[in-house]
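With the UniProt record's numbering as the guide, the letters of the sequence shown map in order to residues 1 to 309.
The reader is advised that the hints may include incorrect statements.
Claimed, not checked - Derived CB-CB ranges, DEER-like:
id : residue 1 : residue 2 : range
1  : N223      : D71       : 49 to 57 Å
2  : E261      : D132      : 13 to 21 Å
3  : E270      : R248      : 13 to 21 Å
Please keep in mind that the hints were generated in silico from the structure rather than gathered at the bench.
By construction, the Cβ of each residue, glycine as well, lies at the ideal position given by its N, Cα and C atoms.
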Amino acid sequence: MDYQGLALANEFQIDELFSLHYFEYMNSFYFPGESHPFWEFVCVDKGEVTIGAGDRSFVLTRGQIVFHRPDEFHWVRAGGKAAPNLIVISFSTGSPLMDFFSERILQITEQDRLLLARIISEARLFLEGRLDDPYQKVLIPRKNAPAGSAQIIRTCLEQFLIGLFRRFGNEAGIPSPVQDHQAFVPDKTTTENADDELFSRLTEYLDSRLNGHVTIDGICSDNLISRSRLQKLFHAKCGSGVIEYFSRMKIDAARQLIRNEQMNFTQIAETLGYSSIHYFSRQFRKLTGMSPSEYASSIKARSERSAGL
1 MDYQGLALAN EFQIDELFSL HYFEYMNSFY FPGESHPFWE FVCVDKGEVT IGAGDRSFVL
61 TRGQIVFHRP DEFHWVRAGG KAAPNLIVIS FSTGSPLMDF FSERILQITE QDRLLLARII
121 SEARLFLEGR LDDPYQKVLI PRKNAPAGSA QIIRTCLEQF LIGLFRRFGN EAGIPSPVQD
181 HQAFVPDKTT TENADDELFS RLTEYLDSRL NGHVTIDGIC SDNLISRSRL QKLFHAKCGS
241 GVIEYFSRMK IDAARQLIRN EQMNFTQIAE TLGYSSIHYF SRQFRKLTGM SPSEYASSIK
301 ARSERSAGL
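Model the full assembly from the supplied sequences, consistent with the hints where possible.
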């Protein structure tokens with residue numbers, strides 16, 4: 001028999017990428033606003049932020065995302081209970097299905113987070129400069145970027161949009177050829193699903209103990225897991241041991257407390273269970289490449305410049 005090719009439709013196609021940022025803002029941050037002739041979305045990874053879109057304003061919290069349609073005036077203000085970490089991506093597309101995202105606040109899933117994480121990770125390999133530079137107007141590819149980086153960013157972004165549309169469009173009664181968002185990812189084995197659930201439970205356990213110390217034996221005992229399985233799981237999921245992962249969690253929490261501007265460094269060190277301000281400072285520098293004061297001043301300077309202060 002003769003074969004016939006099947007043309008694959010592009011219902012969501014990203015034409016151009018205009019910005020791709022991961023911001024960690026101080027609670028004093030305020031961006032007075034702009035509009036541009038392409039789409040943009042803001043997704044909160046941590047903390048909370050107030051968003052303005054046209055004549056509306058609303059608070060976004062962790063895991064929520066909002067889209068700004070082309071030429072819609074929008075602004076951002078921190079100052080909530082916790083300083084925000086934001087993913088901001090802007091792009092052009094001719095897809096009429098994008099109209100669905102106007103004036104909606106959506107909640108992302110863990111699968112969505114994995115796609116966003118892949119986009120951010122690939123962008124660090126693909127783009128010159130820093131992803132936290134709010135003044136970057138032109139994206140410049142690295143000359144030695146890995147093969148296919150731009151394509152990975154585009155396809156992950158398209159997959160992210162399709163997943164949101166399938167899930168929330170179905171809830172809104174919009175027909176979709178395939179209703180199951182999980183159809184866009186390979187089927188997981190029972191073991192992989194169990195690993196995901198266990199890892200999530202362990203990270204919640206660690207998060208609840210950020211103000212103190214943990215040991216491998218204590219984690220194993222409290223969570224009924226063997227030492228070898230614990231270490232194997234964390235190396236598979238995040239490429240590090242569980243204690244190293246916990247140390248990064250504590251420093252991430254410290255960075256957010258610094259940006260909240262409610263405590264001094266000594267108070268932050270005590271809150272997070274460090275034995276001394278000196279040990280806290282050493283750990284902070286080890287994991288971030290700067291001292292707590294250098295981090296605070298760099299973030300504050302950026303937020304004040306963005307606010308026109």
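Under the constraints set out in the numbered hints, which ones does this structure not fulfil?
none
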